[in-house]
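Participant: Here's the letter readout for the chains.
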Amino acid sequence: MDKSKQLNQHISENGEDHPEQVNLASFTGESKFWNTVKQAPVGMIILRGEDFVVEMANDTYLNIVDRTEGELVGNSLFTGLPEVRDYVEPILLRVLRTGIAYHGNEFEVTIRRFGQPELCYFNFVYQPLFEEDPEKVSGIIVVATEVTQQVLSKHALQRSENQFRNLVTQSQFAKAILKGPELVISIANESMLNIWRRRLDEVEGKRLVDVFPELKGQKFLALLDEVYHSAQIYRENEAIAYVDGPGGLKKHYLDFQYAPIFEIDGSVSGIMASVNDVTDKVTLRQQFAETADRLSLATDGTRLGTWDLNIQTKEIIYSGRMAVILGYDEDAVLTHSEMRDMIHPEDRHTIVEKAFSTALETGVYYYEARVIHRDQSVHWVRTQGKVFFGEGHVPLRMLGTMMDITDRKESELALKTSEGKFRTLADSMPQFVWTADSQGYITYFNRSLLDYSGFSAEEIEREGWLPLVHPDDLAESIRLWIESITEGSEYLFEHRLKRADGEYRWYQCRAIPQRRADGTIEMWVGTSLDIHDSRLFIDQLETKVQERTQQLLVANNELVRTNMELAQFAYVASHDLQEPLRKIQTFATRILETERDNLSERGKDYFNRMQASSTRMQQLIVDLLAFSRANVAEKDLENTDLNLVLQNVKEQLVDVIQAGNAVIKSDVLPVREVIAYQFEQLFMNLITNALKFVGPDSTPVIEIRSGEVPGAAIPLAEADANRLYQYISFTDNGIGFDPQYKDRIFQVFQRLHNRSAYEGTGIGLAICKKIVENHKGLIDAVGKPGVGATFIIYLPVGS
Amino acid sequence: MSTKPNKSIFLADDDEDDCLLFEDALREVSTSTELLTASDGVELIDLMEKTVPPPPDVIFLDLNMPRKNGFECLDLIRQTKAWEHIPVVIFSTTGQEEMVRKVHEKGANFFIRKPGSFPKLKQAIKQILDIDWTKHSWTPAPENFYYQY
Numbered sequence: 001m002d003k004s005k006q007l008n009q010h011i012s013e014n015g016e017d018h019p020e021q022v023n024l025a026s027f028t029g030e031s032k033f034w035n036t037v038k039q040a041p042v043g044m045i046i047l048r049g050e051d052f053v054v055e056m057a058n059d060t061y062l063n064i065v066d067r068t069e070g071e072l073v074g075n076s077l078f079t080g081l082p083e084v085r086d087y088v089e090p091i092l093l094r095v096l097r098t099g100i101a102y103h104g105n106e107f108e109v110t111i112r113r114f115g116q117p118e119l120c121y122f123n124f125v126y127q128p129l130f131e132e133d134p135e136k137v138s139g140i141i142v143v144a145t146e147v148t149q150q151v152l153s154k155h156a157l158q159r160s161e162n163q164f165r166n167l168v169t170q171s172q173f174a175k176a177i178l179k180g181p182e183l184v185i186s187i188a189n190e191s192m193l194n195i196w197r198r199r200l201d202e203v204e205g206k207r208l209v210d211v212f213p214e215l216k217g218q219k220f221l222a223l224l225d226e227v228y229h230s231a232q233i234y235r236e237n238e239a240i241a242y243v244d245g246p247g248g249l250k251k252h253y254l255d256f257q258y259a260p261i262f263e264i265d266g267s268v269s270g271i272m273a274s275v276n277d278v279t280d281k282v283t284l285r286q287q288f289a290e291t292a293d294r295l296s297l298a299t300d301g302t303r304l305g306t307w308d309l310n311i312q313t314k315e316i317i318y319s320g321r322m323a324v325i326l327g328y329d330e331d332a333v334l335t336h337s338e339m340r341d342m343i344h345p346e347d348r349h350t351i352v353e354k355a356f357s358t359a360l361e362t363g364v365y366y367y368e369a370r371v372i373h374r375d376q377s378v379h380w381v382r383t384q385g386k387v388f389f390g391e392g393h394v395p396l397r398m399l400g401t402m403m404d405i406t407d408r409k410e411s412e413l414a415l416k417t418s419e420g421k422f423r424t425l426a427d428s429m430p431q432f433v434w435t436a437d438s439q440g441y442i443t444y445f446n447r448s449l450l451d452y453s454g455f456s457a458e459e460i461e462r463e464g465w466l467p468l469v470h471p472d473d474l475a476e477s478i479r480l481w482i483e484s485i486t487e488g489s490e491y492l493f494e495h496r497l498k499r500a501d502g503e504y505r506w507y508q509c510r511a512i513p514q515r516r517a518d519g520t521i522e523m524w525v526g527t528s529l530d531i532h533d534s535r536l537f538i539d540q541l542e543t544k545v546q547e548r549t550q551q552l553l554v555a556n557n558e559l560v561r562t563n564m565e566l567a568q569f570a571y572v573a574s575h576d577l578q579e580p581l582r583k584i585q586t587f588a589t590r591i592l593e594t595e596r597d598n599l600s601e602r603g604k605d606y607f608n609r610m611q612a613s614s615t616r617m618q619q620l621i622v623d624l625l626a627f628s629r630a631n632v633a634e635k636d637l638e639n640t641d642l643n644l645v646l647q648n649v650k651e652q653l654v655d656v657i658q659a660g661n662a663v664i665k666s667d668v669l670p671v672r673e674v675i676a677y678q679f680e681q682l683f684m685n686l687i688t689n690a691l692k693f694v695g696p697d698s699t700p701v702i703e704i705r706s707g708e709v710p711g712a713a714i715p716l717a718e719a720d721a722n723r724l725y726q727y728i729s730f731t732d733n734g735i736g737f738d739p740q741y742k743d744r745i746f747q748v749f750q751r752l753h754n755r756s757a758y759e760g761t762g763i764g765l766a767i768c769k770k771i772v773e774n775h776k777g778l779i780d781a782v783g784k785p786g787v788g789a790t791f792i793i794y795l796p797v798g799s
Numbered sequence: 800m801s802t803k804p805n806k807s808i809f810l811a812d813d814d815e816d817d818c819l820l821f822e823d824a825l826r827e828v829s830t831s832t833e834l835l836t837a838s839d840g841v842e843l844i845d846l847m848e849k850t851v852p853p854p855p856d857v858i859f860l861d862l863n864m865p866r867k868n869g870f871e872c873l874d875l876i877r878q879t880k881a882w883e884h885i886p887v888v889i890f891s892t893t894g895q896e897e898m899v900r901k902v903h904e905k906g907a908n909f910f911i912r913k914p915g916s917f918p919k920l921k922q923a924i925k926q927i928l929d930i931d932w933t934k935h936s937w938t939p940a941p942e943n944f945y946y947q948y
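So the sequences go chain by chain: R and A.
Residues in the first sequence are numbered consecutively from 1, following the numbering used here.
Residues in the second sequence are numbered consecutively from 800, following the numbering used here.
One chain only, chain R, in its complex shape (with noise of 0.2 Å):
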């Protein structure tokens, strides 16, 4: 094939460019040339004359036309080969008259072979024969290479890139053909043209580089040079391309593929490029990127890990928050089981592996665990996961999240212990402490209140305390605690609480509500306290004090008898005293009266003066009758007016009065509660007084006065200095007193002046302080020698 082409060539180009050096003539020896000719690879056939009989004929040309040489030679060509008359014999003729030869290339003919008409393709030369005559053709030499074989196949590849053409153009991906080391744009489909934002007619036969300039300094034209030289295919995805076209520059994500073309002889041609824009693809991923980077801020936010384990091979992925969670830097790979290890010994087995096993069973992954950092340092984390299953329920991953709760749990921890510490207190404490619902049901209580009842713990959760209590003291306890539920207020009750061995003993019984923010009762805490011992104190000394209230009242009885007695005795004072006294009076006047002139001047005086010292011993045995009766506690209180007392009193003493010319003035006087014949008896003895201690030469002036007076403007220490008194003043201008006798005079038997100077048993005064102190009021005296003396009462106003 290649010599039969070389040798097509050589003599189309001899044929072409020397036809005068293609001469039989030329050959050193014709019967050599015919061996030649004869066993030529080319079919060749010499045609004479214008019939063109055929002067001789190669086995190859016999071959290639499937006649015999007998068929031929000798005859004309039509003869032999009448199909091919309609193809050749205008060119035979021409190349006859015109002696130029001629170059058939892939001449189509049709040729009856192997007994039926057979579309052949040759190439072929008609070269003139020049023999005596130069000027004038004397025959043809036709030399031909049928070319059917390559014509069809050509025609073949023809049909198969029109295919190939059409496959491209309608293929929904982006493909363009470039053709050739200059990368000649020859085809580019829609979905290329929608890329390039161009017409097929403003690329086709086109350089890429002179419609897309911008593709210089853009990787794409070495890496298709590269294709190009190195016949591989080129992939890459998501290759950032910058085109240019109407609307300006755009960016590109695109996956492509250069794939050379490789021509029949395996030499590459061109590049077919198959590009996929995933821009959008890119960018939407871009976004869930974004998204994805948003969520793990916010997971870092909430300081949780993410992790997503298969679990089949244990490859575990991890967000970076989980690497620092286990005490590593955000961007340290570590595999599970190197996690697993981090784990404290003491809960690997017994909550992580039994929870992940859990999980496989369940589906739901979640524990509290300690972790150990490099540091030693033990930290707790909470996983929670999500298990999902293939076929037949077979875990395939868990995902999840990892969260450090050190904090909390070191609180939780903090509170457990308080808690604890709590109840160890309680516990230890002698006395009960509990807790009941809002409702009043018992649901806590210290070891104590076990101790002491005997109860299990149970007996006491379920009925509480009330089977502990006295049946006495039951209902007023459950009546008082339903109150105190139902109002909100403090429980206060002592009642008395059995004992494990029967005996009751008192307790103080008490209880707090605990509220909410919102005021509603959140609990009751309460305590009872053993008082049963102070609480037999208590009962014995009201017995002590019972009894000597007793002994009290006896003595009280003995007193108020003695009282009696005395009363008595001043009866008998003033009935059994006087009896006898009056007899050796009035005996005594009786002797003055009838024995008158029988006796001596001397015996009269005698008899005088006993008459006067018996006299002074009535006045005195009446006197100390007052007193006594003075100081009983007589309440015979009274509305009293005082002025009509007064009026009474100056009565009585009417005689006396008008004797010594005296003068009484006094005020209105107030109307008060008095136990009257007191008063009577203590206005007696003031004015007595007054009119009895008269300055030699002088009329007595009483004057009485009456007002009010705060205590505090008393000279005296027993006024209360926050009440109002009333005052009643007697003021004389007898001889007054030395004051510094102030207090004497109002004692019982003082006396200031001799007998014989101013009569008087020393007891008037005494009497009139002890009925001024029955009153709750007060008595002073101001006096001056000589000038005269002031007597004030002053009665509290008011109650």
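In short, the hints are calculated from the structure, not lab data.
Cβ coordinates follow ideal geometry from the N, Cα and C atoms, glycine included.
To give an idea of the chain A side of the interface with chain R (calculated C-beta under 7 Å), a few residues:
#1 D816
#2 L820
#3 T892
#4 K913
#5 G915
#6 S916
#7 F917
Calculated cross-link-like contacts (lysine to aspartate or glutamate; reagent style EDC-like; alpha-carbon spacing at most 16 Å):
#8 K583/R x E822/A
#9 K38/R x E55/R
#10 K38/R x E69/R
#11 K583/R x D816/A
#12 K919/A x E593/R
#13 K925/A x E822/A
#14 K604/R x E593/R
#15 K867/A x D814/A
#16 K925/A x D823/A
#17 K784/R x D738/R
#18 K251/R x E238/R
#19 K583/R x D813/A
#20 K867/A x E842/A
#21 K583/R x D823/A
#22 K179/R x E204/R
#23 K583/R x D814/A
#24 K784/R x D743/R
#25 K281/R x E238/R
#26 K905/A x D874/A
#27 K921/A x E593/R
#28 K583/R x E815/A
#29 K409/R x E368/R
#30 K692/R x D655/R
#31 K409/R x E419/R
Given the coordinates of chain R, assemble chain A onto it according to the supplied hints.
Facilitator: Leaving out everything else, chain A in the frame of chain R:
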């Protein structure tokens, strides 16, 4: 002086001295007046049961007596139909107001504290004898009840 002859007076007093002095004083005031004395309440009641009627013009009654005291006698006299109108004058050593009040409530007609001199005694007896009991109010006011000499 007596406005009416044959006046009759009962005196109950356990004190012989007082009885003697009373009689001496009475004789000096009135010679015609009959005096019957009893040394205690029991004797007085016996005397009254024997001699009344006719009733005495007035009974002088001591309070402090053995066997039956003046209060008991007063009660009995005022509770006995035949005696309830007989004037009773309490004649006592004491002047205690409780006693005075008490006998006033019980229906005595006067209260005389025994005077410390013979002339006063005579004056007291005369005053009582001069009373016309038919005109006298049965229940004198407390302030007119007590005669002190």
